[in-house]
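Here is what each chain is made of, one letter per residue.
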Amino acid sequence: MTEIAAKLTSKDFASDQEVRWCPGCGDYSILKQVQTVLPDLGRPREEFVFISGIGCSSRFPYYMDTFGMHSIHGRATAIATGLKATRPDLSVWIITGDGDSMSIGGNHFIHLLRRNPDVNVLLFNNQIYGLTKGQYSPTSEQGKVTKSSPMGSVDYPFNPIALSLGADATFVARTMDRDPKHQQAIIKRGYDHKGTSLVEIYQNCNVFNDGAYEIYTEKSSKKEETLMMEHGKPLIFGENNDKGIKLDGFKPVIVSLNDVSVNDLWVHDETDLVKATIISRFYDDPSKENHFPRPFGVFYVNNNKKTFDDLFNEQIAEAKEKKGTGDLDKLLAGRETWVVN
Amino acid sequence: MATTIENELESVVIRFAGDSGDGMQLTGTQFSNTTALFGNDIATFPDFPAEIRAPIGTLAGVSGYQIHFGSKKINTPGDLSDVLVVMNVAALKANLKGLRKGGVIIANSDGFDSKNMRLANVPEDKNPLLDGSLSQYDVKTIDVTKITRAALADSGMGTKEIDRCKNMFVLGLVYWMYHRDMQSSIDFITSKFSKNPAVMNANIKVMQAGWSYGETTEMFANRYNVAPAQMETGIYRSIMGNEAAAYGLIAASVKCGLPLFYGTYPITPASDILHELSKYKNFDIKTYQAEDEIAAICSSIGAAFGGSLAITGSSGPGIALKGEAIGLATMLEMPLVIVNVQRAGPSTGMPTKTEQADLMQAMYGRNGECPVVILAAQSPSDCFTLAYEACRIALQHMIPVFLLTDGYIANGAEPWKFPQSKDLPEIKVEFAPQRAADDSKFMPYQRDEKLTRPWAIPGTKGLEHRIGGIEKQNITGNISYDGDNHELMTHLRQEKVDKVADYIPLQTIDNGAETGDLLILGWGGTYGALKTATTILRGEGLNVSHAHVRYLSPFPKNLGDILKNFKTVVVPELNNGQLVKIIRDKYFVDAIPYNKIQGQPFMSDEVVRKIKEILA
Numbered sequence: 020m021t022e023i024a025a026k027l028t029s030k031d032f033a034s035d036q037e038v039r040w041c042p043g044c045g046d047y048s049i050l051k052q053v054q055t056v057l058p059d060l061g062r063p064r065e066e067f068v069f070i071s072g073i074g075c076s077s078r079f080p081y082y083m084d085t086f087g088m089h090s091i092h093g094r095a096t097a098i099a100t101g102l103k104a105t106r107p108d109l110s111v112w113i114i115t116g117d118g119d120s121m122s123i124g125g126n127h128f129i130h131l132l133r134r135n136p137d138v139n140v141l142l143f144n145n146q147i148y149g150l151t152k153g154q155y156s157p158t159s160e161q162g163k164v165t166k167s168s169p170m171g172s173v174d175y176p177f178n179p180i181a182l183s184l185g186a187d188a189t190f191v192a193r194t195m196d197r198d199p200k201h202q203q204a205i206i207k208r209g210y211d212h213k214g215t216s217l218v219e220i221y222q223n224c225n226v227f228n229d230g231a232y233e234i235y236t237e238k239s240s241k242k243e244e245t246l247m248m249e250h251g252k253p254l255i256f257g258e259n260n261d262k263g264i265k266l267d268g269f270k271p272v273i274v275s276l277n278d279v280s281v282n283d284l285w286v287h288d289e290t291d292l293v294k295a296t297i298i299s300r301f302y303d304d305p306s307k308e309n310h311f312p313r314p315f316g317v318f319y320v321n322n323n324k325k326t327f328d329d330l331f332n333e334q335i336a337e338a339k340e341k342k343g344t345g346d347l348d349k350l351l352a353g354r355e356t357w358v359v360n
Numbered sequence: 007m008a009t010t011i012e013n014e015l016e017s018v019v020i021r022f023a024g025d026s027g028d029g030m031q032l033t034g035t036q037f038s039n040t041t042a043l044f045g046n047d048i049a050t051f052p053d054f055p056a057e058i059r060a061p062i063g064t065l066a067g068v069s070g071y072q073i074h075f076g077s078k079k080i081n082t083p084g085d086l087s088d089v090l091v092v093m094n095v096a097a098l099k100a101n102l103k104g105l106r107k108g109g110v111i112i113a114n115s116d117g118f119d120s121k122n123m124r125l126a127n128v129p130e131d132k133n134p135l136l137d138g139s140l141s142q143y144d145v146k147t148i149d150v151t152k153i154t155r156a157a158l159a160d161s162g163m164g165t166k167e168i169d170r171c172k173n174m175f176v177l178g179l180v181y182w183m184y185h186r187d188m189q190s191s192i193d194f195i196t197s198k199f200s201k202n203p204a205v206m207n208a209n210i211k212v213m214q215a216g217w218s219y220g221e222t223t224e225m226f227a228n229r230y231n232v233a234p235a236q237m238e239t240g241i242y243r244s245i246m247g248n249e250a251a252a253y254g255l256i257a258a259s260v261k262c263g264l265p266l267f268y269g270t271y272p273i274t275p276a277s278d279i280l281h282e283l284s285k286y287k288n289f290d291i292k293t294y295q296a297e298d299e300i301a302a303i304c305s306s307i308g309a310a311f312g313g314s315l316a317i318t319g320s321s322g323p324g325i326a327l328k329g330e331a332i333g334l335a336t337m338l339e340m341p342l343v344i345v346n347v348q349r350a351g352p353s354t355g356m357p358t359k360t361e362q363a364d365l366m367q368a369m370y371g372r373n374g375e376c377p378v379v380i381l382a383a384q385s386p387s388d389c390f391t392l393a394y395e396a397c398r399i400a401l402q403h404m405i406p407v408f409l410l411t412d413g414y415i416a417n418g419a420e421p422w423k424f425p426q427s428k429d430l431p432e433i434k435v436e437f438a439p440q441r442a443a444d445d446s447k448f449m450p451y452q453r454d455e456k457l458t459r460p461w462a463i464p465g466t467k468g469l470e471h472r473i474g475g476i477e478k479q480n481i482t483g484n485i486s487y488d489g490d491n492h493e494l495m496t497h498l499r500q501e502k503v504d505k506v507a508d509y510i511p512l513q514t515i516d517n518g519a520e521t522g523d524l525l526i527l528g529w530g531g532t533y534g535a536l537k538t539a540t541t542i543l544r545g546e547g548l549n550v551s552h553a554h555v556r557y558l559s560p561f562p563k564n565l566g567d568i569l570k571n572f573k574t575v576v577v578p579e580l581n582n583g584q585l586v587k588i589i590r591d592k593y594f595v596d597a598i599p600y601n602k603i604q605g606q607p608f609m610s611d612e613v614v615r616k617i618k619e620i621l622a
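Sequences listed follow chains A and B, in order. Each step along the first sequence adds one to the number in my numbering, with nothing skipped, and position 218 is 237. Each step along the second sequence adds one to the number in my numbering, with nothing skipped, and position 73 is 79.
For reference, chain B alone in the conformation it holds in the complex (with noise of 0.2 angstroms):
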């Protein structure tokens, strides 16, 4: 056996990288559970192509997942990583400039064969594993392919079979790097595989030569612990982004007593929302799969109409196909829930990769004065939170909610402290009571104090109504032209948006002080990467503090005065500026716009050195 030499570490990022068929979001996501599991904290960042199975070995088919773990809290998947996984020479070519310098390369040079250099388009007598490019680096070089099919040599499965385990092999060797227990990985492949004892054995089989590898030969003399981190008590689990605003939905369903209904249109990344619900029949939630983003959000505005917790869910390009019935929703001041998973656009853009630039979309994206209340989640469990919240608002108020995430937290993990069902706010709903032939006649947009009409659903004796597109008088909800009822209408939709301030939390400082030279003002998604940047900004002794807006229409009350006790106010976002543009609209307040669109999350140094140019 070798000698091996243990560290202690208080976090590592490891990012494996390799075709998008080599199963490397699967390896990532393993490492993953295991290591939140072992106690670390962790944030995750998967970051793979559009393509299921874009051409094998070329750049386009490049498919990472980034891991940043510790046992410190830790906010991001990390701007570099120090330990690169590669399948291929395309892998190493599209990732090499997120590795630190002196970080680790595990490269499988079967994958470093002249067919994959062609294919990666590096020229044949430039192999980086032998033409010293990588000489800042700790290079090991492992020919994966070969070892995997000579354990499973008598295992009677082909080639190509063998060959889909190579990522087990990796998987294994990186467990035991880092003294990660194997079982959960076991236990994941043996139920996964139950049906095909063959392919489950090969899997463990490979698994547990990958960790035989780093055991017996030489090629590794450091191994490394990451104590668990002094994270808040109570018991975790780890959870995604998607699945938060999943179970985020069916928790507000259980708590309010109505059936969920959830109409939608497969679209990418938005469609695990869609797969996790329909695996929940049994707490009454009723998936549609309709015809296409127009049907979907119908579907779900006739749901409502019978009494159902509603929501329709996508992703930009459908938000756009639904923006005339969501004035619709708005019209029949009924309770929806448009939650939007925000990729890259305009139009298909960038299906896979990452953006925060639906917000006017969702502020403004209608014919008319079309005002909806918006909620923007910020971080993978945080889309369980506010799912449940926008659900909250859309039943008792009367009123079109939309949920903002994106596809970096959607797909993002972290370990999440979930709440038990008993501690979660109440949500009541009333329908309108029946009425008796002698009662005064009903009437469908009388208002509470809340501005909230009845929800009168079809059924009940005595509150026949009619509702619809068309300007409704107050009160009667009849057709009505008349100019005075139309302003007075247009006002009550925007006052009843308004209302809303009073039913949420303040805005509070994240990070910092609640005065200073600069606050960095943030929402959705950038949420890791700023807290941190202000973390490091402020261990320097800078005067910088972080407020992140989670409630975008309406804003909480007091965020005005929050932005008045900054001598400067910035607003990184990752679009051309929009949040910006509305703050300095709202509250005249000269905010400094920070942005960037490259499909990519925010690197918290390089919001560092933004700030510091800022106040320099």
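This is chain A alone, in the form it adopts within the complex (with noise of 0.2 angstroms):
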């Protein structure tokens, strides 16, 4: 670290290539938050890998002076199991976006979660296909109209938040494309969370689905269609903070303050699993009647699961230990050996 004698900006985490999203893409607010907040780590450039899968948003690591790979679709999860399991020292960093981490690598997804390393994944969640020129996704809403569902697409939706705390995730959390403070300081907290930290991201695709998450990004319907998570605060929401959610049983319930106590609302907190799951669930059509207000900021951390990174590596030090460094010509002449004369 003393050899960073001045500290970076984030114009040095920004590559010579020219990017080529298309004008007004959520992509540009999340690579430049990710610029701004990588000085703040204090680890120098060498250190980071950012490695994606395909989509738009797997464009990512051309843009990033670090290391990068722009691997194969829906992979970006398993190659980035392999580098960090043989190089814990580097901060990893996987790009996926909901085609290609909920769809055709939903198995590395699950398997990357369930297994923890030290990895931070940023989930680009546009409910649409945008490079393929705009098919449903497996996230776009039940009855979508798109050009692969003229009619409407059958597929329920996944919700992310909720496959991955079902996975075992240990760090999940959601934040969206048109605030960049929040989105700051989750990325920020997705870093420093030791095990994988997965933070889902809204952003809007304004070519093939523009708007999708307008009612919770605008500024006329947001108070209203959100709730801001913070950990030990009560869960308020409302155009005048005059809603809140209180926990009846296990059941959630809308409540007024003007009936109710702030006392008496559901106080978060992040490390309840149980809680984490209930609003996980808070998914609903915000067209519906007695929707429920879509959570942001951190549903769960677990702090107490080890890394797979660690795990892994634990093995090899103490198979060292306890056998000592390997013995090659022991290793080729086996248990038993004769001798032709």
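Everything labelled a hint here was simulated from the structure, so no lab data went into it. Please note that a few of the clues may not be correct.
[Stated by the list, open to error] Straight-line distance between alpha carbons at most 20 angstroms, and here's what the computed EDC-like set of lysine to aspartate or glutamate pairs gives:
#, chain 1, residue 1, chain 2, residue 2
1, B, Lys563, B, Asp504
2, B, Lys423, A, Asp346
3, B, Lys285, A, Glu37
4, B, Lys447, A, Glu355
5, B, Lys285, A, Glu308
6, B, Lys428, A, Asp59
7, B, Lys285, A, Asp59
8, B, Lys447, A, Glu66
9, A, Lys207, A, Asp346
10, B, Lys467, A, Asp108
11, B, Lys447, A, Glu65
12, B, Lys447, A, Glu37
13, B, Lys423, A, Asp348
14, A, Lys26, B, Asp444
15, B, Lys285, A, Glu355
16, B, Lys198, A, Glu355
17, B, Lys285, A, Asp346
18, B, Lys467, A, Asp35
19, B, Lys201, B, Glu224
20, B, Lys423, A, Glu355
21, B, Lys285, A, Glu333
22, B, Lys428, A, Asp348
23, B, Lys467, A, Glu66
Need the complex rebuilt from these two chains, each delivered in its own frame; the hints are there to steer you.
Structural data, given as structure tokens:
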């Protein structure tokens, strides 16, 4: 660290490649926030590796002046696991989208979370296939009319947060492209977490799915439709901060703060898996009556599950300690030999 | 004590066969190890069903283990067996055609009761031990079950546990017949059952009972001596192919100084490489059992990017799933070894049966122009040599390398004059050095005289760069959709493979003259059978030679010249004709295919017949 004479700036993390996302794409914001956060992490550039799969979001590594690999569809998670297992000294980031991670790479996604290597996942969720020009994705709402679903998609969508909790992820959070400060804070917390951090980022595709998250990002509706979770704080939302969530047994209910005291509200506890599981299910169609607000922030953190890379390398160290460094000639000779004269 | 006649034999083939729960593989392995230790040359062939416990007593459940040992050079597990040990009627039915006329049958009579007859679909009145149908053979009927139970009557063990020791009786008896020392097996049993002394003692006791049975009954008039083989001087051990492949990879890791990462997913018959490697964590061997075949190779690509010696291993169906990632490794120009222990396909095929039908898959089985280096091991111990070679080439040429083996050599064993680590060729690896801020920009696709690009691992100052599956501009590595560049890069990727020919040995004739009437051109696990066949043919005065190709992409530079020195070229393969197509295409030689696709290795005898037919 002493070698870093001057603190790096966001510019130091920008490569010389021209950014080629569509003008107005939410990806620009995410690139900017990551480039803003990285200098604050106090690590030299060469220790960062960004690995992506396929899709619009997966172009991301080309724009970062770090080590990077733009791999194949859905497999960034698997590649990153192999890299982190063998190079725990690196800061490994996985850039993926809803098609990449939830569809073609779904298997690797759940197994990554189950194993818990110390890597960071930025899941750009725009609820559409952008690079292939506009087919429905595994997070598109049912009934979505696209080029491949002219009568509306019949598939039910995945809920990436609930899926991640189900796969025993140790850090699960959601943020949005249109809230830079929140995004930066969540990305920073994801980095600080030892273990796999899953950050779902609501990202607008202004060409094929424009306005998918408008209701959560526009000033006029944001306060009413979003629930900004903070650890240790009661769950309050609404245009005038006049609504809250209360737990009736295991059943969440929306209450008016005119009727219920703040002291009776559900206080967000990031370490409580049961509560995180309940709140992850706030996934209602916002056009429906009595729907729950959409939560943003950190759903769940588990600091007690050892990381895959630690466990993996501890076994190597333990074997070396117990047996001593391997002796190749002994190995080749095996247990029994005979001599031919 | 009975009087026995001592006989001297040059070589013997024994086949142990029984139900898959009868422990025939263990019996065979023990006999092989002891026999190898005694100094005989050996070749073995385990032949077992895919089911772990197929229905008891049925033909589908028969598991066999054949060993050929001798005082002369042994190349194959033998075409026909001299001795057939059968634990039940199904085992006899399945293996009788492989026993030579006049051969010895040692039959466990308990396995020929009405229940076993029904399970093996043999009519009640056709018990082969009683109906005279085995009159051409020397049949020794023993109630192994009864003797085993009697021997362990006071062991305090249950009948089920006692019956599990039956195979040790057979082992002891065969040890007696061939004058083998039981000590190695006693040591093995002692260590295997060290936590269960009752089972340990029972197994040893039953094995000794088998020996005593031969010694005291008058059933066996003959005992046999097979003198140690005249082999090259040196220190030997017994080795199986998968074990050898694992050791070759470990040796390469030690010699190149990089930790080894093996990303894999369990699959028959490749899993034993994983099992073996996972024992040697103290050698910095990191094994990773991924969630699927795709993740297995991708994790290895990640490890290669980070600077490890990265390997993935599987069999045909798994290799099919890895295809896209092999393409990625080719684009990334990353060192990666892909081991394919071939089995009979397509699809699930016959998982425990051998075949060499994945050559085309290795050569062409990806989208786009995607050439890779391909090596094929020819015997169990050659799996060591070529696993080591595969690593050397991958690391020094920054290129994916296929290593093809097959179920037959993977599970077969032979004596191995193992090398000393100091005698293994050096594998020198250099990562790209760090760069200062005022150095020129790092070029990830700048090439050296081998056309190899630098291995620039993350964590190295000044080497920050991006790579990926999209076509690269040569030198800079930037994304490029330029047509001329794509054509250049396509040619470069091929030339990189072709250049490897400068760094591999020339093709040699294994057996026979440099010119002649007919060349038998083989590859992979058929080596032993073709070698024996060639020796027989030459012994009969025929002008036949044998060359065995171990480097299949690129071919050795002189292969074309060798082919032109023969009037006829025959390519025997355990597939429907794959190397033959490539040879015809590349060298314009009118090579004749000779194919067997039965999940079984060639027998030397059938090769001899076929070659004579061609020469006639």
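**OP:** State the violated hints by number, sorted upward, taking the hints as numbered earlier in the document.
**Re:** 3, 4, 5, 6, 7, 9 and 19
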